[in-house]
Every structure is written in structure tokens, then in C-alpha cells.
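*Asks:* Sequence:
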Amino acid sequence: MAEVVIALGGRLYPVACADGQEDHLRALGATLADLWPQAQRAAGAAPAERVLLLIALMLADALAEARAAPSGLDAARLDQVAARLEALAESLEEGAQNP
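Numbering of the sequence shown is given in this note's numbering, commencing with residue 26 and proceeding in unit increments.
A couple of the hints might just be wrong.
If you anchor each label on the Cβ, the simulated ranges turn out as follows [as the list claims (entries may be wrong)]:
(1) 109 / 32: 27 to 33 Å
(2) 53 / 74: 14 to 20 Å
(3) 93 / 46: 49 to 55 Å
(4) 110 / 28: 51 to 57 Å
(5) 94 / 49: 33 to 39 Å
(6) 34 / 90: 21 to 27 Å
(7) 46 / 92: 20 to 26 Å
(8) 85 / 106: 29 to 35 Å
(9) 106 / 37: 49 to 55 Å
(10) 100 / 30: 29 to 35 Å
Because the hints were derived from the structure by calculation, they are not lab data. Quick caveat, the model's predicted, so the values are computed rather than measured. Backbone N, C-alpha and C fix where the C-beta goes; we use that ideal spot for every residue, glycine too.
Could you build the full structure based on these sequences and the hints that come with them?
*Replies:* Here it is as C-alpha cells:
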């Protein structure tokens, strides 16, 4: 088991992880560190636990937005694909009726 130390708000947090996952965990820690200043401003003089809670809420909000976002195909593109499929189906039906 490996260990990575994540620095947040002047504190060091040792975190255990599976061997080989150290770089991934460091990247996650960097994401938290990037959000720290914004959360600290919002928390004011609150303790670090409150700042970490705000970071967790910010990440949860981003996750909720990502889950609610369309899958990458917008309605116009879906309409185009549907029209092409309908035209293809009509063509196949005509071919089947007039062999």
C-alpha cells in the first residue's frame, strides 16, 4: 500500500492508496488544492473542516451538472439522424415491395 501526502490550506494529509495509484491521487489532491482558495473565501474564518465541506459541495454540484448534461448529442443532431434513418427505412421498404 502506497501513501501520498496532500497539502491543503497549510495542512498535510497523508492518504493511503493502492500501489500505482499515487499519480492519480496526487491529481485529485491538486483539484482540491485548486478549489481551496474559492472555498476558503466563501467560508470566511471557518475551520478547515468547513472549507473541505464547501469543496465537497462544489464537487458534488459539478458532478450533478455533469450527470444532468445531455449525452453529447443535441436535439438538432438527433433530428438529423432520425430523418436519415427514416429515409433509409423508406428506401428499404420500397426495395422490398418492388424487387
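*Asks:* Does the Cβ distance between residue 109 and residue 32 fall inside 27 to 33 Å?
*Replies:* 53 Å, violated
*Asks:* Does the hinted range 51 to 57 Å hold for residue 110 and residue 28 at CB?
*Replies:* For residue 110 and residue 28 the Cβ distance comes to about 54 Å; the hint holds.
*Asks:* Measuring from beta carbon to beta carbon, are residue 106 and residue 37 in 49 to 55 Å?
*Replies:* Cβ of residue 106 to Cβ of residue 37: about 52 Å, so the range 49 to 55 Å holds.
*Asks:* Quick one: are residue 46 and residue 92 within 20 to 26 Å, going by C-beta?
*Replies:* 24 Å, holds
*Asks:* Could one say that the CB atoms of residue 93 and residue 46 fall in the range 49 to 55 Å?
*Replies:* 29 Å, violated
*Asks:* Given the hint of 21 to 27 Å, is the C-beta distance from residue 34 to residue 90 inside that range or not?
*Replies:* Because 25 Å falls inside the window, the suggested range holds.
*Asks:* Tell me if the beta carbons of residue 85 and residue 106 are separated by a distance inside 29 to 35 Å.
*Replies:* Since the Cβ atoms of residue 85 and residue 106 sit about 33 Å apart, the hinted range of 29 to 35 Å holds.
*Asks:* Do residue 100 and residue 30 keep their Cβ atoms within the hinted range of 29 to 35 Å?
*Replies:* Roughly 47 Å apart at Cβ, these two residues miss the hinted range, so it is violated.
*Asks:* Does the Cβ-Cβ separation between residue 94 and residue 49 fall within 33 to 39 Å?
*Replies:* Violated, since residue 94 and residue 49 (Cβ atoms, about 24 Å apart) do not stay within the stated range.
*Asks:* Taking the CB of residue 53 and the CB of residue 74, does the distance hold inside 14 to 20 Å?
*Replies:* 19 Å, holds
Going down the numbered hints, you'll see the structure goes against 1, 3, 5 and 10, while the others check out.
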